[in-house]
Amino acid sequence: MTAEIQRSASNSDDAAAALTDEDRVGLYRAMAMIREFEEQVQRSYLAGLVHGTTHLCNGQEAVCVGVAKALHPDDYVSYTYRGHGHCLARGMDLEAAFAELFGRESGVCGGLGGSMHLTDVDRGLIGAFGIVGAGLPVAVGAGLSAQLAGRGQVSVSFFGDGAANIGAFHEAMNLAQVWKLPVIFVCENNLYGEFSHISHTTPYEDLVIRAAGYAMATALVDGNNVLAVYNAAFRAIARARDGGGPTFIECKTYRHRGHSRSDPAKYRDPAEVEAWMKRDPLLLYRAELVAAGLIDNAGADQIIADARAAAKTAADRAAAAPWPTLEQDFMAKTFA
Amino acid sequence: MATQEVTYREAIVAALREEMRRDPKTLIMGEDIGESGGPFKTCQGLYEEFGATRVRDTPIAETGFVGAALGLALTGYRPIVEIMFADFLGVCFDQIVNSIAKHRFMSGGLVKTPLVIRALGGAGLRFGAQHSQTAESWMLSAPGLKILCPSNPAQAYLMLKAAIRDDNPVLILEHKALLSMKGPAPIGAAAVEMPTGPKVLRSGRDATIVASLAMVGKALQAAEQLHAEGVEAEVIDIQVLRPLDVTIISDSVRRTNILVAVEEQAATGGWSGGVIADVVAQAFDYLDAPPARVTLPDHPLPYSPHLEDALIPSPEVIAATVRSLL
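Sequence lines, in order, name chains U and D.
Be aware that the first sequence starts at 3, since it is given in my numbering, and climbs by one per residue.
Be aware that the second sequence starts at 90, since it is given in my numbering, and climbs by one per residue.
Quick caveat, the hints were computed from the structure, so don't treat them as lab data.
Since the structure is predicted, the reported quantities are computational estimates derived from the model, not experimental observations.
The reader is advised that the hints may include incorrect statements.
Which chain D residues stay away from chain U? Per the calculated CB distances, all over 12 Å, these [unchecked claim]:
#1 L199
#2 G363
#3 S403
Partial pick of chain U residues on the chain D-facing surface, computed with a CB cut under 10 Å [stated by the list, open to error]:
#4 M118
#5 M175
#6 F332
Using N, Cα and C, we set each Cβ at its ideal position, and we do this for glycine too.
Sequences are here, hints too, so could you generate the full structure?
Here's what the structure looks like:
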């Protein structure tokens, strides 16, 4: 089965058409910030400031930003160990994010969580789940919470293609549909579950097929087109707010780097990588903005330079922050 | 408030009903707990009073609805979930040990996760190896979880009420062989407190027996048998498996100088090993004999009533173990 991928933003109900010029440039700025954050994480890792492992989302920025643009501040968002981009798209403080990655006291979780567990409930960022698929049932609970509260909130769950093969995914999809919950399942299909190509693990590449098994509404979009993602998210979210139930959005995308820090991703065909690098979401969207006359190349370069400088400043400050002390009350942080 | 004779099952239902009346943010989810009232009738009447919104039948999908409880807890609700057989905790193990138990800590202590998981476990009902476990050991090694073990109707009532009001994840391991047990419970109690450690249920000077769940009753019967012989055993209900505090047990051992721990689980990984290690560390010089453990064997529980009855620690075996140490 092959499904029709929505490659452009234009269609019969084009929510993106209502975006202002400022909004449009803002989407580029937000994607640039995530890209430059991740590039700085890479540099900081090599400098010994990020510990253990870290999972970068370079190449997948359009998904984070396109969905976040369609959300309200009181909506709930959950994500995975590859979650830096989702947090930044919701406005997480750069310095607090870096400080968490660096294991410092001023980290967004006081250095107790780390790169895989950035959490900031004040921004609706209810949690990063380090176990594949584990966040989906939790997102369903947040969706039930939203339904019970009756204030039109939604719950968005970001996860990768690898999660589509684990039980938690199926239980969550079923529950959300049977209870008609305002949950948006956003599958970032980057073709690889850790090191394995989807063709080795899954009987088809279009994971919207999975959603059909739960009679769930779907959208299959080019995840490297920020406006296409925004449109799909906007529609799904509007539907969920109106009590129409969940939607499964599959975003076809690609991670520019390996699964994690220790993975050079040599299992990928160079031609495949090259083809996807040409479809870098920032390059695609920059070309669109330039063609529309909203920015010129110099302006776009300046946005990148500003983002890089902001990331460096935040990282430098975080690197100077003190380590957490053993004198804190760990039990009070375990039990309320 | 009035102390009433109720069954363990009625105590659970009363606690759920009262707490759901008290706090509109509470709701309960589980398999067949709605119109059916629960496979063990531990939710009887709740659906009629609170409706399908707050008494939610779920698919047979423990990972899904236990995980959903965390999402509810993170966003302002106080969910309760029923796990029909404690054995099924294995199905949602990841959600409990990796997500629920750790979420607050990993957030730097910034989030609260008030949720209760009630799981009905235990042997003696001829359910075979997959439907007879208390599951005490399984979750014992997960920091961030509180684990309570009610051994009588009063505890079933008070522990559940306190757990629902607690701001943390609480696992209550109920024992299905105790569901028809009758006893006094302070139904309607307004003030409840989370138990913080073991409780002395019977005083004695000659030996200390510590037990959990259905083994508490067996230990009390053993103490009665020993009493007839002039041996006074002190019986302590462990009550709280996590956070575990053995101070009361050590104090008892300082007086009795003998310790026997009884649990309805395989010895390997059971809580009695840790309890004995801690008591030995605190009260080594007071022990007159090596502490003893009475447990299930290290193989799965057989189905045949003849075998099951022979393997579950009996009052006779517990009493004999005490005698052997005197």
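Verification of the hints:
1. L199: Not fine: 7 Å to the nearest Cβ puts L199 of chain D too close to chain U.
2. G363: 18 Å, holds
3. S403: 37 Å, holds
4. M118: 9 Å, holds
5. M175: 9 Å, holds
6. F332: Holds - the Cβ of F332 of chain U comes within 10 Å of chain D, reaching about 8 Å at its closest.
The structure shown violates just one earlier hint, number 1.
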